[in-house]
Every structure is written in structure tokens, then in C-alpha cells.
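Chains A and B supply the protein sequences, listed in that same order.
Sequence positions in the first sequence follow our numbering and run 33 to 419.
Sequence positions in the second sequence follow our numbering and run 33 to 419.
For the record, the hints were derived by calculation from the structure and aren't laboratory data.
All values derive from a computational prediction rather than experimental measurement.
A few of these clues could be false.
[As the list claims (entries may be wrong)] To give an idea of the chain A side of the interface with chain B (calculated C-beta under 10 angstroms), a few residues:
1) P45
2) Q94
3) T109
4) K273
5) V276
6) V419
[Unchecked claim] Chain B is nowhere near these chain A residues, computed Cβ spacing over 10 angstroms in every case:
7) P65
8) G66
9) L73
10) K112
11) D129
12) E183
13) R197
14) P282
15) G291
16) P385
17) G415
Cβ coordinates follow ideal geometry from the N, Cα and C atoms, glycine included.
Protein chains: 2
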Amino acid sequence: MAGTFVIAQGGGPTAVINQTLAGATLEIRKRHPGARVLGSLHGVRGIRDGNYVDLTDLPEEQLRLIAGTPGSALGSTRDKPDAAYCELILSGLKKVDAEAFIYIGGNDTAGTQQILSSAAGGSIAMVHAPKTIDNDLVENDHTPGFISAAEFVAGAFFSVDLDFRALPGIYVGIVMGRHAGFLTAASAAWQQDEASGPHLIYVPERAFDIPRFIDDVRATCDRHGRCVVAVSEGVSTADGKALVESLVPPERLERDQHGNVKLSGSDLTAALERALAEHLPGKRARVDAFGFLLRGYVGAISQTDAREAFEAGAFAVEVAGQGGGSVALQHDGSTVLKNVPLTAVAGKTRHMPDDFLHPQENRLSEAGHAYLKRLVPPKFKVGRPFV
Amino acid sequence: MAGTFVIAQGGGPTAVINQTLAGATLEIRKRHPGARVLGSLHGVRGIRDGNYVDLTDLPEEQLRLIAGTPGSALGSTRDKPDAAYCELILSGLKKVDAEAFIYIGGNDTAGTQQILSSAAGGSIAMVHAPKTIDNDLVENDHTPGFISAAEFVAGAFFSVDLDFRALPGIYVGIVMGRHAGFLTAASAAWQQDEASGPHLIYVPERAFDIPRFIDDVRATCDRHGRCVVAVSEGVSTADGKALVESLVPPERLERDQHGNVKLSGSDLTAALERALAEHLPGKRARVDAFGFLLRGYVGAISQTDAREAFEAGAFAVEVAGQGGGSVALQHDGSTVLKNVPLTAVAGKTRHMPDDFLHPQENRLSEAGHAYLKRLVPPKFKVGRPFV
Numbered sequence: 033m034a035g036t037f038v039i040a041q042g043g044g045p046t047a048v049i050n051q052t053l054a055g056a057t058l059e060i061r062k063r064h065p066g067a068r069v070l071g072s073l074h075g076v077r078g079i080r081d082g083n084y085v086d087l088t089d090l091p092e093e094q095l096r097l098i099a100g101t102p103g104s105a106l107g108s109t110r111d112k113p114d115a116a117y118c119e120l121i122l123s124g125l126k127k128v129d130a131e132a133f134i135y136i137g138g139n140d141t142a143g144t145q146q147i148l149s150s151a152a153g154g155s156i157a158m159v160h161a162p163k164t165i166d167n168d169l170v171e172n173d174h175t176p177g178f179i180s181a182a183e184f185v186a187g188a189f190f191s192v193d194l195d196f197r198a199l200p201g202i203y204v205g206i207v208m209g210r211h212a213g214f215l216t217a218a219s220a221a222w223q224q225d226e227a228s229g230p231h232l233i234y235v236p237e238r239a240f241d242i243p244r245f246i247d248d249v250r251a252t253c254d255r256h257g258r259c260v261v262a263v264s265e266g267v268s269t270a271d272g273k274a275l276v277e278s279l280v281p282p283e284r285l286e287r288d289q290h291g292n293v294k295l296s297g298s299d300l301t302a303a304l305e306r307a308l309a310e311h312l313p314g315k316r317a318r319v320d321a322f323g324f325l326l327r328g329y330v331g332a333i334s335q336t337d338a339r340e341a342f343e344a345g346a347f348a349v350e351v352a353g354q355g356g357g358s359v360a361l362q363h364d365g366s367t368v369l370k371n372v373p374l375t376a377v378a379g380k381t382r383h384m385p386d387d388f389l390h391p392q393e394n395r396l397s398e399a400g401h402a403y404l405k406r407l408v409p410p411k412f413k414v415g416r417p418f419v
Numbered sequence: 033m034a035g036t037f038v039i040a041q042g043g044g045p046t047a048v049i050n051q052t053l054a055g056a057t058l059e060i061r062k063r064h065p066g067a068r069v070l071g072s073l074h075g076v077r078g079i080r081d082g083n084y085v086d087l088t089d090l091p092e093e094q095l096r097l098i099a100g101t102p103g104s105a106l107g108s109t110r111d112k113p114d115a116a117y118c119e120l121i122l123s124g125l126k127k128v129d130a131e132a133f134i135y136i137g138g139n140d141t142a143g144t145q146q147i148l149s150s151a152a153g154g155s156i157a158m159v160h161a162p163k164t165i166d167n168d169l170v171e172n173d174h175t176p177g178f179i180s181a182a183e184f185v186a187g188a189f190f191s192v193d194l195d196f197r198a199l200p201g202i203y204v205g206i207v208m209g210r211h212a213g214f215l216t217a218a219s220a221a222w223q224q225d226e227a228s229g230p231h232l233i234y235v236p237e238r239a240f241d242i243p244r245f246i247d248d249v250r251a252t253c254d255r256h257g258r259c260v261v262a263v264s265e266g267v268s269t270a271d272g273k274a275l276v277e278s279l280v281p282p283e284r285l286e287r288d289q290h291g292n293v294k295l296s297g298s299d300l301t302a303a304l305e306r307a308l309a310e311h312l313p314g315k316r317a318r319v320d321a322f323g324f325l326l327r328g329y330v331g332a333i334s335q336t337d338a339r340e341a342f343e344a345g346a347f348a349v350e351v352a353g354q355g356g357g358s359v360a361l362q363h364d365g366s367t368v369l370k371n372v373p374l375t376a377v378a379g380k381t382r383h384m385p386d387d388f389l390h391p392q393e394n395r396l397s398e399a400g401h402a403y404l405k406r407l408v409p410p411k412f413k414v415g416r417p418f419v
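Assemble the whole structure, with the sequences as input and the hints as a guide.
Structure representation (C-alpha cells):
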């Protein structure tokens, strides 16, 4: 291949998605001298509109600096292309003589690549490089972006638990995660022992109901004198709908082009505040939604995550040479990169394995703790408080 | 002095308050071999109830580990002692033959020390060692705990701005700070240039009103295609009351023993969400309250802050030898420690100097930026995104 490689970034930014961009760009330059590397601005929009930045000759030093910078340096998009939009993308790719298109993103991004791949009929290699803090891609042991976000969440809960040891009360932290509880579970990665928080963990994989939540909190307060709780923003009721959907009047429900309901408003926060005030009156209680803080915090970039994200980008170039596919991070003693079919990943959601959760109680099992210990080992040496 | 030193921690925990505890303990052990060092559990409550941990012989290694751990290792309290409570504290101090009592905390804590000092009539040296993320102690250039919290806030806004560069919209981050805007202003510490966020900063020192806020946001979006905003939870309306007071029905307003209204609920978040949805419909807008994440995050402990907090503890022992007073961090080329009268600090609030703010616009002035640059210099080398 000595033609043009197009690279784009889709969906929510992460702390390390620029590592994947840099990894792919440098690998193309190494393997295919003479090839042109175009970065499409704001995902597939840039291809549709002819908006590119030329990365062919960007100094490596500059590219390495960008690699270490959170956010999506090319800009991103939530556009979900329909058939007509896909035609525009394909004709855009042809216009720049693209031989391969590497799209870095989550399962929606993989979905776009699958459609494009069918439409292109093999004339252009379509590659999906994984990225998501949600860790919800099938075929993957974990995904680039997850470990850094998990480290933020682990450190946040570790720190808040110390705060609430000093001034006891109830603390609820709401963590991003629409369908998969991995990131919320990461709250327990640096848990010291059973008496330390988070004492309770609620993930989308288990039905959530307020009375059970209140009972759990009350029992924890009785036992430990405080209660630190991690709740996924995507927790759902027994009917499988997001709890937020039952809290927000239909006319205020905001959806993206993928039909996903906006979960990041203050409705869940307010509902949990009200429930705690009503059912556990007089108890000091605070509910914080972590919101966007966790997904690209410059102070919590995991070096493992950064390295793997870079390598996933480089491997995407290998996958392009194989005609396309999806880069998957699998675990076999250490992380191994595989090329899996786009159809295996596109639009599918990986949930937390059921055995990561305690069968009855709202906390992790041994298996859940072991998974986190492998990916997010403790980073700070700390002492034991006297209270 | 070879009698007993009592140490306690009051008010909100910080990332480095245990450094002050360790600094004081080690200095006492060095200067006064044979003296006993008692840590009172949960502030003055421990003295009242006779609840202590004996630090006299705690291995230094263990103490150094605790020093590096966020939170208040002795536990804390928000108790505001009245005359009768103060009598109980004094008799508690006498019961353990205290020669000095070092109380680490903010201006409320200094207030307690002032009352105790008057009541003790010189028989026990009362020392206040400073601690507050709010940076609102008079006589101080800055306070232990502030720099670390400021670093968290600086990194958070720097990172979120990159996120919103990639997926444009309006982002509002609500930052702790009841009366002083220093911590909210710290959002701009790592701002790259005028086009980077935070584009707007609202602090308690300036009256806040929704129409002006909306106009500011609209103008910023027109200019930069996105808008990142930092708002103090303590922003007040023109009548000088906290905005939250006008948003929450009186029967739901929660106050601590110092009469301070609880600001950390979701009411301000919801009010700003509603205002943005109503006046700038169709624009992607997210409002996050940082809540408790910023005050003791293990991943954002500044080494300067840690060192100064330790030294403030050690200097508190010197102040005890001088009969008592308040430790102040002043600036004279570098940080210098001074003993100032308790009356000068107790119950007083230091506001951001007026010239730290632009006279008309809701952003910092050159002087404001210079202050932050001195205390919270950039910590990460980053690249420039393409969008």
C-alpha cells in the first residue's frame, strides 16, 4: 500500500485515544513510506465534507506530544450515518484515493465501519480500532481508555472514603456507564478491606430499586458508621429501562442519533438525594455525579493504557493489510492483539460477567476484584487512618 | 515543655492535612524528648470525650505513610463549641496535663482556638495550624490544602476543555467555595490561551445573575464554538445571599452548626441546566458539580503543598513555645511562616483580591493569572489538538 490512509476518531473522547492515532500514523509511515496519512476532522463528518489534516509529514515529536494529550485531537462526532450518509463517506474516501480507513471508537463506530465495509465491497479496507471507557466491546478483555478512567474512579472512591471516615455520612458517587458496570465496579479497585468504601455498588446489569437501595445503605451505616456507594448512571429498573427514563418527563428526555437517552443530567442525583432525605432523615448525605471528569482527566493517565492504545493503533495498520476488521485486546497471560470480524463487534454490548458480582449483595465477587486488580493495581502507598 | 501536646483536626479534610499532623508530631518529638503527643479523635470531640490515640511512640515510618494519605487521619468534626462545650474541652485538656493544643483547620477552627485561649488565660498554649482548600484565611498568602485542590480543578478544566473541543457544546463545572472564589479561579491555572476554557468564571465575590450568565455563554459559543464555564457553588445574588438559598425552599435548606447553608446539593446544577435548556435550546449542555472529588483526590497531591503543610505543622510547635497563636503562610519571594494573633484570623474570611478579576468580564485579570501561575504551575507537557 502506498496510497492514502484515512484515520478518524468517533464517540466520546478518552485519556488515550490520541495514542491510537499516533500509533497508527507512525506505523503507516514506517511500513508504507510514500503513503499519505489524512486525519479526518470530527469523525466521518470530515470525510463527508472533505475536512482533513495532513499527518504525513507531521514531526514525530509533535505527534508524540499529541499522543500524551487527552481528548480527541482530530475532533469527534456522534453522527450515526444512514445509507445516504454512508454513500457520501464512501465517495469522500474515493476522492482522496483511500486504500484504508481506520476509525477509532466504540461499538457504534464499529457499526459504521461494518456498514461501510459492506458498501465498499472490499475496495477499501475498513478497520475499527477500539476505544471506550465503558469497556463494553465484545471480543475484548478490556478496551483502550478504560484503565485510565478506571484509575480515576478508583482514586476518587478511595479518596472520598477517607473523607467520609473523617466526617461520617452517606456518600453516593454516580459513574458513567450506560449498559455495562465495569467503570462503576472500578470504584472498588483500591478498596482497602471490607470496612472501606465503596461499600455498595449498583451496576446496570442488576435491577435497581430504591427500597432495596435504602435498606442496603441503612444496614451499611449501622455496621460501619458510614456508607460510600457507587452507582452507574445507567442503572435500570426491573423492566430493563434506564432509571433516568422513569425520572424525567418524556418531553425533557434528550436522545442522541443512536437513540441513547441522555443520562448525564442531574435527575438521578436529585432522585437519590430525595430518597435518602426522605427515608434516612437526619443523616448527612451527599450525592455527586462524576460526569465528564473521569473520561479524560490528565492526572490519571495509566501508562499501561497509553501503551496498549498506541499498540492498538499500530496493529490497526496490520489489520488494514489483512483487508480490514476490528482490533481486539484479548488476554492470554498478557494483552494480545487480534483481528476479529467487524460483524462480531459492531453494535454489540459486552456486559460485566455475572460472576464479577456477589450473587446476593450489591458488591463485587472475588472474580470481580481479581479482574480489577490485574488491570488497575494500586498506585499509591498509603497509611491507615486512626478512625 | 515536657508535658503533653494535644493535636486535633477540624473541618473538611484535605489532601495534605495529615502532613501537618506528622510535621507537628515529629517536631514535638525532636524538640521535646519525653513529651507526650496525643491525637484527639474527631477534633475537639475527642478531648471532650477523652478519645485519644497516643502518637508519642508511633514509628516514624508509619507517620510518614499517614502524612502522604489524604483525609483527616484523626477524624474531624464540624462542632462549633459554645461556652459550656469549651469548658468541657478545657477540663479535658487539663485532665491530660496538656501544655499545648494544636488544632489544624480553617477560620472556624481558629475561632474555637480563640475562645479556648481566652478561657484558658495562658495556662495552655492554643495554636491554630492552617488548613483549607478554600484558601480563605486572612493573613495568609495561601493555605495548606489549597494548592492540591487547585491542581485537581486546573487539571479537570484543562481536560474537560479538550473533551468539549472534540464534541462541542456548553460545559459548566460547579466548584466548592462558599465565600471565596480562589478554587473556582484555579480552573484557569492551566488555560492554554484565550480560546481555551474555562472561558467564563463566576465567583462569590461578584453578583451572579442568570440573564448575564446566558448572555456570556451565548457570546462565547458564537466566538469559540463551545463554552466551558467554572461556577463557585457559593455564587451569590445581588442581595449578597447564596444563589442556592433562592433555589431551595426554606424547609429543605440544610445548615451546619456554624449556620452555613449546605451548598453541595443538586439544586444549583438543576437550575443551571434548566436555564441553559430554556434560553439556549438545542445546544448540547452539561452541568457537573465536582462535589467532594476535589478536596482530597489521591492523584492530585502537590509536592509543594505537602511540604508546606508539613512545615506548618512543625512551625506550630514553635508557636506553642511562644505561648500560642495562628500559623500563617505568607509570601516574601518564597513562602515564609509567621505567628499571627488568633484574633487576626478567627472567624474572618479572606476574599479574592478584586484585581484578580477582570473589571467587566467574567474571567481573571493578569494579576489573577500570575497568582495561580506561581502556586499551580503547569504539570503536564501536552500537544495542540487539530480542532
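Hint by hint, here is what the structure shows:
no., hint, verdict
1, P45, "holds (5 angstroms)"
2, Q94, "holds (6 angstroms)"
3, T109, "holds (8 angstroms)"
4, K273, "violated (22 angstroms)"
5, V276, "violated (13 angstroms)"
6, V419, "holds (4 angstroms)"
7, P65, "holds (23 angstroms)"
8, G66, "holds (23 angstroms)"
9, L73, "violated (6 angstroms)"
10, K112, "holds (14 angstroms)"
11, D129, "holds (21 angstroms)"
12, E183, "violated (8 angstroms)"
13, R197, "violated (6 angstroms)"
14, P282, "holds (15 angstroms)"
15, G291, "holds (16 angstroms)"
16, P385, "holds (28 angstroms)"
17, G415, "violated (3 angstroms)"
Violated hints for the displayed structure, listed by number in ascending order: 4, 5, 9, 12, 13 and 17.
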